[in-house]
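Asks: Here is what each chain is made of, one letter per residue.
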Amino acid sequence: MNADVSEDRTRAAAKPLVGGGMTPAVGPILRIENLCVDYRPRGSLSPGKRAVDGLNLSVNQGEVFGFLGPNGAGKTTTMNVLLGFINATSGDAYLFGTTVREPIARQRIGYLPELTYYYKFLSAEELLRFYARIFKIRKTETERRIDQVLKLVELEHARKRQIKTYSKGMQQRVGLAQALINDPDLLILDEPTSGLDPIGRMKVREIIQRLKTEGKTVFFSSHELGEVETVCDRVAILDQGRLKLEGRVSDLAEKHQLSLEQLFLKVVGYSLPSATHLPP
Amino acid sequence: MTRDTAIRLDPPKPAGQSRVAQYALLLLLTVCFCLATDLTSWFQDWQGNRTESSNLMAVAMGDARRMFANHFFVKADAYFHSGFYPSIYDNQRSFKTPHIAEDSGAMRGKNTGDETSFLGPPRNWIDSFGREFFPSVHTHLNEGGADGEQKEAEVREILPWLKLSSQLDPKRVETYAATAYWLRRMGKPGEAEDFLREGLRENPGNPQLLLDLGRLFFDSRSDLIRARNVWEAALRNLQSATAEHKDQNKFVEEQLLAASAKLEEQANNPGKALGLLERLKAISPNPQAIEEWIEGIRQVMKPKPMPAP
Amino acid sequence: MNTTLAIAGIVIKELYRRKDFYVLFVLTALITVLMGSVTLFHDTHIVRYLKEMCLLLIWICSLVIAITTTARQLPMERESRTIFPLLAKPVTRTQVVLGKFLGCWLACAVTLVVFYLFFGIAAMSKEHHWPLTNYFQALTLHWIMLGIVVAMALLGSLVFSATSSNVTISFVAVTFILLLGRHLDKVAMQIPQPASGALQALFFTIPHLEFFDLRDLVIHDWPPVRWLVCLKAVAYAAAYAAFFLGAACLLFRRKAIN
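Chains A, B and C, in that order, are what the protein sequence lines are.
First residue of the first sequence: 1, per this note's numbering; consecutive thereafter.
First residue of the second sequence: 281, per this note's numbering; consecutive thereafter.
First residue of the third sequence: 590, per this note's numbering; consecutive thereafter.
The set of hints was computed from the structure by calculation and includes no laboratory data.
This structure is a prediction, so every number in the text was calculated from the model and none was measured.
Each hint should be verified, as a subset may be incorrect.
Claimed, not checked - FRET-style restraints, in silico, Cβ to Cβ:
1) K390(B) to M665(C): 25 to 35 angstroms
2) A340(B) to A751(C): 26 to 36 angstroms
3) G835(C) to P41(A): 27 to 37 angstroms
4) I620(C) to E482(B): 22 to 32 angstroms
5) G400(B) to E716(C): 44 to 54 angstroms
Stated by the list, open to error - Below 30 angstroms or equal to it, Euclidean Cα-Cα: the simulated BS3-like pairs (lysine-lysine) are:
6) K160(A) to K775(C)
7) K775(C) to K376(B)
8) K602(C) to K136(A)
9) K168(A) to K775(C)
10) K168(A) to K203(A)
11) K844(C) to K49(A)
12) K203(A) to K139(A)
13) K164(A) to K602(C)
14) K561(B) to K530(B)
15) K715(C) to K431(B)
16) K203(A) to K164(A)
17) K602(C) to K151(A)
18) K844(C) to K164(A)
19) K602(C) to K168(A)
20) K139(A) to K602(C)
21) K715(C) to K443(B)
22) K168(A) to K151(A)
23) K451(B) to K552(B)
24) K775(C) to K390(B)
25) K552(B) to K376(B)
Unchecked claim - Pulled from the structure, derived: some chain C residues nowhere near chain A, Cβ distances all over 12 angstroms:
26) Y605
27) V622
28) A824
We treat Cβ as the ideally placed atom computed from N, Cα and C, and that holds for glycine.
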C-alpha cells in the first residue's frame with residue numbers, strides 16, 4: 001500500500017490543479033513531515049498510544065483536499081497539531097512555510113470545528129467583529145466582511161440575536177462565517193456537514209465549490225464519502241495513525257476500479273460479504 | 281390494542297391495598313398531631329425555652345446574643361477611637377474597660393499601660409508599611425477625632441452600636457448607662473431619659489440606671505427633688521441587692537453617695553451631706569479626699585464671727 | 590495588545606449580560622437604603638455605621654464578582670469548546686491569559702465605580718460633605734487589590750480541576766489574608782518552633798491584601814494616605830499580580846487543549 005501512496009502522489013503532483021487552471025504554488029500551502037503524536041497518560045511510564053505515526057502529507061494551493069479515515073484514525077489529532085492545540089511528539093507541520101508552533105501561521109487560515117460552540121451571549125455580528133479584531137482587520141473592512149459572510153451563510157436576518165437563540169444549523173453557519181471572516185487562503189474544516197440536513201449539506205458543498213473557484217485551498221475531514229468524491233481534488237486515507245492511501249480522486253477510481261467508499265473499506269481492512277466480493 | 285391497555289403499563293393494585301395505605305397514613309398523621317399537642321405544653325415549661333420571649337433576636341440567637349452584645353459594645357468603643365483599637369492579638373491592657381464606659385462612670389476602670397502604643401514598635405517592614413493603611417493614632421471622638429478638628433457631636437457615631445448592643449442584651453446595664461451619659465453630653469437629655477427608662481423597664485430598680493437618671497435630673501434639668509428621690513431609691517435597692525455583683529454594686533454605691541452628698545451640699549443641707557460622706561469614706565478607695573471634702577463642709581458650717589462695731 | 594483588549598472586551602460584555610452584577614448591586618443598595626432610613630435618638634446625621642455596612646457589602650460583592658467571574662473563564666472556554674475557534678486564530682496562549690485577566694480586572698473596575706458612586710451618594714446624603722480624595726484612594730487601592738485576587742483566581746483555574754474548588758479556595762484564602770494576614774507574625778512569636786517558623790514564612794510570602802483596605806480610614810474620616818505610600822502599594826500589587834499571571838501563562842502553555 002505504501003507503494004500506492006508514493007505512486008499516486010507523484011502522479012498527482014505532475015498534473016495541473018483543477019479550478020481555473022491556476023499554476024501550482026511554489027511550495028505546498030500545508031506540509032506535514034514525519035509527524036508523530038503520542039498520547040501518554042499523566043504520571044504513567046508506559047509509552048501510551050501513538051495516535052499519528054510518521055505522517056507525511058502536503059496540500060497545494062487551490063486544492064480541495066479530503067482527509068479521510070475511520071473513527072480513531074488520527075484525523076482530529078493531525079488537525080489539532082496543525083492548529084496548535086497540541087504539540088507533536090516528533091516531526092513538524094508547516095502552514096504557508098511557517099511552523100505551526102508560531103501563531104502567525106494561523107493568520108491566513110480559517111477553521112471550522114466539528115462541534116460548533118461559540119460565545120452564547122454574543123450575537124453573530126459581535127462574534128465576527130471580535131474575530132476580525134483578532135485578525136487586525138480594519139474597521140471599515142470588518143463591517144464589509146461581516147455583511148459579506150453573513151449574506152453568504154444566510155444569517156443576515158439573525159445577525160443581532162444572541163447565539164444562544166440559534167438552532168444547530170444556524171450555529172453551524174455562524175461557524176462557517178467566522179471561518180471565512182478573514183478571507184482565508186486555507187480553510188480547515190472538521191466534519192463541516194455533521195448534523196446538517198440535506199439542504200444545509202448542499203449549501204456547504206456550494207460554499208466549498210465557490211471557494212475552490214476563487215482559488216482558495218480547502219482541507220477537510222468528513223465521513224460523507226459521497227460528498228468527498230464530489231468536491232475533492234485529492235484525498236488521503238488514514239488508519240490507525242498511518243497514511244494508507246493518497247492521490248487524486250479520479251486517478252484512484254481509475255486505478256482501483258472502485259468507488260471511493262469501496263476503496264475506503266478495502267484500505268481500512270473491512271472485508272465485505274461474499275455477495276459483494278470486490279475484484280482486487 | 282385498546283386504549284385502556286395502551287395506557288395502563290403496570291398491573292392494577294388491588295383496591296383493598298391502597299385503602300389500607302390511606303388509613304395507615306391518616307393514623308400516622310393523627311398520632312403526630314396528638315404528640316405535638318402534648319409535647320408543646322412540656323416545651324413551654326422547659327427551662328431555657330426561647331419561645332417565651334417576644335424578642336426576635338432572643339429567639340433566633342439564644343444566649344449567643346450576649347456575646348454579640350458585648351462585641352457591639354466594644355465596637356462602639358472602637359468607633360469612639362475612630363477605628364484605632366487593639367485586636368485580640370494585640371496588647372489590650374489599656375482597653376480592658378471600654379473607654380466610653382470608663383469615662384461615663386458606667387464601669388470601674390481596670391485599664392493599665394499606655395493606651396497610645398498598644399501596637400508597639402513595628403516588628404518588620406510589612407508591619408511598618410501596613411500601619412499607613414489603618415488608624416494608628418490614639419484619638420477620642422470628643423477630643424477632635426481623627427483629624428483633630430471634629431466637633432464633640434461626632435460622638436453620636438457610637439450610638440447605633442450601643443443601641444444594637446442594648447437590644448441584643450437588655451440586661452446589660454452598662455450599655456444604658458454609657459449611652460445616656462454620651463447623649464447628655466451631646467445635649468440630648470430627653471433621649472437619654474427615654475433610653476434610661478427603657479433600661480429600667482428591662483432592669484427594674486437597677487441602682488446604676490437610677491444613679492444615671494438622677495444625674496440627668498441633677499445636671500441637665502437642675503431638678504434636685506427628683507434627683508434626690510431617685511438616688512434614695514437607688515441606695516435602698518442597693519441594700520437589698522444580692523452579693524452577686526458586689527464589686528460593681530460597691531462602685532455604684534460610691535458614686536451614689538458622692539452624688540447625693542454633692543446634691544445635699546448644693547441644697548444647703550450640710551448635715552445630711554456629712555452623713556452621706558461619712559458612709560462614703562468607709563467604702564471609698566480614697567478616704568483622704570473624702571476627709572478633705574468633709575472638712576470643707578465643716579468649715580462652711582462654722583458660724584462666722586460678728587464684725588467689730 | 591489589540592488581541593488582548595479584544596479578549597478583555599468579551600469578558601466585560603459577558604459580565605454586563607449576566608445577572609450577577611445587577612443582583613448584587615440591587616441587594617447592596619436595598620440593604621444600605623433600609624439601614625439609612627433608620628433614625629436613632631432623633632439624630633439624622635449618624636452616618637459612620639452606614640458607611641461601614643455599605644463598604645462591607647461592597648467588598649463582599651466585589652470579591653464575589655471578581656472570583657466567580659475569573660474562576661469560570663478558562664474552564665468555561667474549555668467546557669463550551671469556544672477555546673478551539675479562539676486558539677485557531679493568530680492568538681498565543683499568553684494573550685488569552687492576559688486578555689482574561691484584563692477583562693476580569695476591568696470588569697471589576699466598572700463594578701467598583703458604580704458601587705462607590707452609590708456609596709458616595711448615600712454617605713453624602715447624611716454627611717453633607719464629600720471627601721473625594723479619600724474615596725478616590727479607597728476605590729483605586731480596592732481595584733488594585735482585586736488585580737491580585739483576579740490573577741490568583743486565574744492561576745487557580747488552571748491548577749484546580751473544578752471551578753467550584755477554585756472559587757472556594759480563593760474565597761477562603763482571600764478572607765484569611767484580609768482578616769488574619771496582619772497578625773500572623775504576632776501569633777508566630779507566641780508559638781514554639783517549628784510552627785513559628787512556618788507561620789513567619791507564610792507571613793512574608795502571602796500577598797498582604799489588607800494594605801489596600803482603607804475602609805477604616807474612610808469610615809472615620811482620617812486624612813488621605815500619602816501618595817508615595819499608595820504608589821508603593823501599587824508596585825507591591827503589580828509584583829504579586831505579575832507573579833501569579835506569569836505562573837498562569839506558563840501552566841496554560843503546557844496544558845493540552847483537546
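Asks: According to the definition I'm using, a residue is off the interface if its beta carbon is farther than 12 angstroms from all beta carbons of the partner; does Y605(C) meet that for chain A?
Replies: Label violated. Min Cβ-Cβ 10 angstroms, cutoff 12 angstroms.
Asks: 26 to 36 angstroms was suggested as the range; check whether the CB atoms of A340(B) and A751(C) agree with it.
Replies: The hint (26 to 36 angstroms, Cβ to Cβ) holds, given that A340(B) and A751(C) are roughly 34 angstroms apart.
Asks: Has the given pair, K602(C) with K168(A), been kept, meaning a C-alpha gap of at most 30 angstroms?
Replies: holds (23 angstroms)
Asks: At the C-beta level, are G835(C) and P41(A) separated by a distance inside 27 to 37 angstroms?
Replies: Given about 28 angstroms between the Cβ atoms, the range holds.
Asks: With a cut-off of 30 angstroms on the C-alpha distance, tell me whether K203(A) and K164(A) pass.
Replies: Since the Cα atoms of K203(A) and K164(A) sit roughly 23 angstroms apart, the hinted pair holds (cutoff 30 angstroms).
Asks: Between the alpha carbons of K451(B) and K552(B), is the straight-line distance 30 angstroms or under?
Replies: At roughly 33 angstroms apart (the allowed maximum being 30 angstroms), K552(B) and K451(B) break the hint.
Asks: Just to be sure I understand the hint, the distance between the Cβ atoms of K390(B) and M665(C) should be within 25 to 35 angstroms; is that true here?
Replies: violated (58 angstroms)
Asks: Just tell me: holds or violated, for the beta carbon distance of G400(B) and E716(C) against 44 to 54 angstroms?
Replies: Cβ of G400(B) to Cβ of E716(C): about 34 angstroms, so the range 44 to 54 angstroms is violated.
Asks: Just to be careful, I want the Cα atoms of K168(A) and K775(C) compared with a cutoff of 30 angstroms; is the pair within it?
Replies: violated (61 angstroms)
Asks: Would you mind confirming whether the straight-line C-alpha gap from K602(C) to K136(A) stays at or under 30 angstroms?
Replies: Satisfied, since the Cα-Cα distance of roughly 20 angstroms is no more than 30 angstroms.
Asks: Holds or violated: are the alpha carbons of K561(B) and K530(B) at most 30 angstroms from each other?
Replies: At roughly 12 angstroms apart (the allowed maximum being 30 angstroms), K530(B) and K561(B) satisfy the hint.
Asks: Going straight from one Cα to the other, do K715(C) and K431(B) come out at no more than 30 angstroms?
Replies: holds (16 angstroms)
Taken one by one, the earlier hints fail for this structure at numbers 1, 5, 6, 9, 23, 25 and 26, listed in ascending order.
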